[in-house]
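Number of protein chains: 4
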Amino acid sequence: MKKIGVAVIGCGTIANSAHIPAYMKNPEVEIAYFCDIRPERAEEAVRRYGTGEAVRDYRDILNSDRVDAVSVCTPNNVHSQIAIDFLRAGKDVLCEKPAARTYQEAFEMQRACHETGRILMIGVCNRFNTSVNRIKDLIDKGELGEVYHVYISFRAHRSIPGLGGDFTTRAVSGGGALIDWGVHFLDIVMYCCGDPRPVTVSGQVFSKLGKDIAGYTYTDMWAGPPVLNGTYDVEDSVTALIRTEGPTITLHGAWAQNIGKKEMFIDFMGDKAGIRLDYGAGFTMYTAKDGALLEITPKFTMANMYENEINTFIECIKTRKNNIAGIDNAVITSQIMQAIYDSSDKGRELVL
Amino acid sequence: MKKIGVAVIGCGTIANSAHIPAYMKNPEVEIAYFCDIRPERAEEAVRRYGTGEAVRDYRDILNSDRVDAVSVCTPNNVHSQIAIDFLRAGKDVLCEKPAARTYQEAFEMQRACHETGRILMIGVCNRFNTSVNRIKDLIDKGELGEVYHVYISFRAHRSIPGLGGDFTTRAVSGGGALIDWGVHFLDIVMYCCGDPRPVTVSGQVFSKLGKDIAGYTYTDMWAGPPVLNGTYDVEDSVTALIRTEGPTITLHGAWAQNIGKKEMFIDFMGDKAGIRLDYGAGFTMYTAKDGALLEITPKFTMANMYENEINTFIECIKTRKNNIAGIDNAVITSQIMQAIYDSSDKGRELVL
Amino acid sequence: MKKIGVAVIGCGTIANSAHIPAYMKNPEVEIAYFCDIRPERAEEAVRRYGTGEAVRDYRDILNSDRVDAVSVCTPNNVHSQIAIDFLRAGKDVLCEKPAARTYQEAFEMQRACHETGRILMIGVCNRFNTSVNRIKDLIDKGELGEVYHVYISFRAHRSIPGLGGDFTTRAVSGGGALIDWGVHFLDIVMYCCGDPRPVTVSGQVFSKLGKDIAGYTYTDMWAGPPVLNGTYDVEDSVTALIRTEGPTITLHGAWAQNIGKKEMFIDFMGDKAGIRLDYGAGFTMYTAKDGALLEITPKFTMANMYENEINTFIECIKTRKNNIAGIDNAVITSQIMQAIYDSSDKGRELVL
Amino acid sequence: MKKIGVAVIGCGTIANSAHIPAYMKNPEVEIAYFCDIRPERAEEAVRRYGTGEAVRDYRDILNSDRVDAVSVCTPNNVHSQIAIDFLRAGKDVLCEKPAARTYQEAFEMQRACHETGRILMIGVCNRFNTSVNRIKDLIDKGELGEVYHVYISFRAHRSIPGLGGDFTTRAVSGGGALIDWGVHFLDIVMYCCGDPRPVTVSGQVFSKLGKDIAGYTYTDMWAGPPVLNGTYDVEDSVTALIRTEGPTITLHGAWAQNIGKKEMFIDFMGDKAGIRLDYGAGFTMYTAKDGALLEITPKFTMANMYENEINTFIECIKTRKNNIAGIDNAVITSQIMQAIYDSSDKGRELVL
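Protein chains in written order, with the working numbering: chain A, 10 to 361; chain B, 10 to 361; chain C, 10 to 361; chain D, 10 to 361.
Worth double-checking, as some hints may not be accurate.
Which copy? The list can't say, so a pair holds if one copy fits it or any two copies do.
What the hints assert, rightly or not - Within a straight-line C-alpha distance of at most 35 Å, the following computed DSBU-like cross-link-like pairs (lysine-lysine) qualify:
1) Lys220 to Lys281
2) Lys308 to Lys220
3) Lys281 to Lys355
4) Lys34 to Lys145
These are calculated hints, taken from the structure and not from any lab test.
Next up, chain A with everything else stripped away, as it sits in the complex (with noise of 0.2 Å):
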């Protein structure tokens, strides 16, 4: 049978730690191409995996008869242009979160897919984590009874990411902590929760600790150094309250906050039962039964959410079927991002 033909749209961080890997692994996936406007890293890619050609432009290979579909690696600021210039090429996309800078982008990237019938699938991983569906299984059974509160705590003490780089300049990144952590846990929250309307979004970011460039006092950083002489018009920290038409989400988040320890995790507070996720780990869960309560956390392997989701893309590719991270899901929490950072603006509360 002929395989499927993958084109990787930016071959940078999230390509080659999550994307390729997952590709290379599965036997239905042929990378054909590698693109990237820096051509050196597209050259290495094809050098390393042994597979694929390198091209710059990814206008070059819209129309190629090699791509079936593509993974969007790049900078937030070219998602929604690069998906829907793919998706009207007949070709099915798996673009990397945020889905886009703004609900604007966003939404053209929904529409986009609507029109074409093509696949839009967005790279929000932790759909495919173990923890998150097994939460999700015990939501959805009734164990938490009613979850009528979900908090949000993503917060960090010194994590700016490359500061006055691409990280930290709203043009290229569409905000900070929000958009770019954020995301992950508000899309957690709304998967378990089974994807629930937003009704009114109050919320504040906070640009502190990042504004001095030189100033910054940190002890190592990931994205790479800081330029000096860069930009820093993003948030370094965020609150916020949504009320949804399920559960009230509340979230604190903050890439940098003069704070102790990390504190990553989400609360699910059920009538029932209350459960806390660990980010990036497992969870334990607080219920009461018969007559006695009880904190119980187990421990499981943990399988690789990357892998998980490259193999929805390629089935849901196969069978044309919608799955559980489509652009219909991630628009709403774009949609919620969009309206923290206008509420913040205004100084007061939307109701959507």
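Use these hints to put chains B, C and D onto chain A, whose structure you have.
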């Protein structure tokens, strides 16, 4: 010199654990009356402390010339009436927190205070706590820089007091976890941040775990065992986002939630440093110095905050000067709490 | 029916906080005497509890026919003499922990107990603690498999009691952190593991932080303020490795150490499951079931262990049966503690 | 100037993750040979690093004049033989930790080192760790006063490596959790405390959780999946009490124990201050200043300890001077570990 004559109105837990012992230690005070609608409680106090007379109805001593000042230690529903009656009778008043059940009641107390020129102090005892005052000093000295966000956590696993009784009956208490515990936390923030005026309030309260009185699982209960045929019409948890003229304040509190251990703390996030206060205990400061990040946890002897409070009250009576726990400050917290309840009822943010 | 007449010998903290209230609640008991070498303490007890007579010298009531049983609540240095005198006078005895200052003293108490046939119970109150008994049940049922190693931690940052006074004077107390706190922890392990016979003991005690009484930095101190010209010749910390016929036991304890938070727990390591007991609180079990690893933390109401203890003592008096807190068990712990002190002096392990 | 020619003996995990990358970064080094008894591993290294030749038998290059120095990265059972052979052939040697399986083997390595005058360094990489060196400086400067007790904890819940394989086969590894992990912790203590001579050692090792290879429950496993018909004759946990001419050292470690989270730390208890080192991370100091107690947690950039180690080795080769990680230090740790195993076998303490 003549001693200051004090009447203690309401002889329950807070009177016996805080007000009375502190008055007994102050050599300038003489307790003239113990008043309680349950006569045996007033009589028991007379016996135990070897001073004063027992009375049942506070109106009998409104005009007693043996009374210069009163402590109001009753349930919340009569705070306002009793305090106002004594103010108008020309007495000075220390009223337990919360000032009242509603903002309207608190506002009327403030008016009576202004009209009579008497002292009306509210028992927001944390303003006399050693840790809190150290934090206020650090903020005032600029050690934290701009405090732009404060996060309040007062979450417990199982601590609904006297389920079905006065604490959980709105007509008596005015509310649940927010008005009972939250008032302390909010007041600490107000005090440390210079009592900033609130601008917007969005909040949501939840009445979930206590609703099924017979089915509530717990290991111990303060303020008495459950009243199975009692009332539970208050919140067991609450969350809110409050914009002020100073920092944005977010709070998350619960008498009962399906969580793990208690999480009782306040995070003051400044752009130069941050502080976590462990409620009722010490604090840690997170700062940077000479390019290095530092966590510093001082340890120190905690003074008795109730004695500080009572001694401050007595000092005010003598000097006729206002103090840091006056009704003018307390009424702001009252306004915020009212707005949280109102916002929750309406399902949207209030602009104050 | 005639009540059991009890004399309380020593009317200090443990008498007032534990023994006397529990006797007062037991309808079969009548306290006949309160005895203390400081007469005002005995007289105060008579007043407070409204029963009994005050005496100064316990020898005056050795042969009183109003005394069936006594609680020995004195400093450690007179435990042995008083207990033996009452046993030989035909009375039943509940003696506070530790049984005595030395193994030799404890051994003589045991002999007197056997020779007289009276009851000699030691106040190892944790044998009446709800958590401890749940753990013992789990071990007895085989839920932990073979318990091969127990690690005891009773480490505090600053908790030397009454520095310079009775607690820190070896001639009175017999020792420091080990004999004061360690006795409880060792006793819990002995109880839960079936009182296994010790085989080898290697231990080291340290007398460091309390030596410079004036220079000792602390935030609060139980059992009174420092006596600047007092005595400090006991250990503030201790470590030991004990091989028994059952599990190997290692312990590490300190009244004072330059560490962070208190670490007060016991880890029972079994080959099927393990348990961590939080001293004075609950516990968590770590186990595996059907190929999955599980942590389980039950929560439950804690009974009052002092009432259980006193009621058990009274029951034994009536039934003439030994109980789980008899001298025959306590003497083993006494032997182990003696061996730790002796091993530390010699700088090498003892084979028992 | 001529580069220093290096041969890497054993091309497994530690070679690829630590030694080779650090050699590649050092401009004074040229890797001449990659040696592995599995030829494909040596060949793969030649390909990946673009330098050197692959050899199978280290004896073929003993006398090569392209080899000035070697890294021994093999399983423990051949450390001693290979290191001695290269020393006697006139080469300088960096041998991975532990020096050898037994004290006898380590002692022979030391003798060969002294007889040949060559450099024999052991890969106790933590001597090149930033946190560890900061702690050593603080101790050397007297900030902790007398360090009288050190408590080592290296306890994991489920981390037996390659159950049934080389790691768990005594003939290959020499032991389990102690020799594999404990060696690092003991070495840190030795280094920070001035390599004090041990005086007595009492220890007990336990082989419990790994014995039933098929029944061992875990969530993931490093160093490969279980070998169901393999060997498990090493300890999964260990405890010991070691008296030295300096501090008393107690240790408690486990690859696997039925406990909660990992507890990997070292507590240095001094009479002026104490330090807790979080293994592989930072540390907190607990001290007193001007009558106040303080916790201080510095944060700083961690240098790459493997590069420090390799660069130190190269520097020693050039200067012919010994360094802080020489066999004369490592042999003391080896002696202690041997004594723990021997003490455990005999069931009693050894006097060294």
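Hints, verified against the model:
no., hint, result
1, Lys220 to Lys281, "between (44 Å within a copy, 12 Å between copies)"
2, Lys308 to Lys220, "between (41 Å within a copy, 21 Å between copies)"
3, Lys281 to Lys355, "between (38 Å within a copy, 26 Å between copies)"
4, Lys34 to Lys145, "within (27 Å within a copy, 47 Å between copies)"
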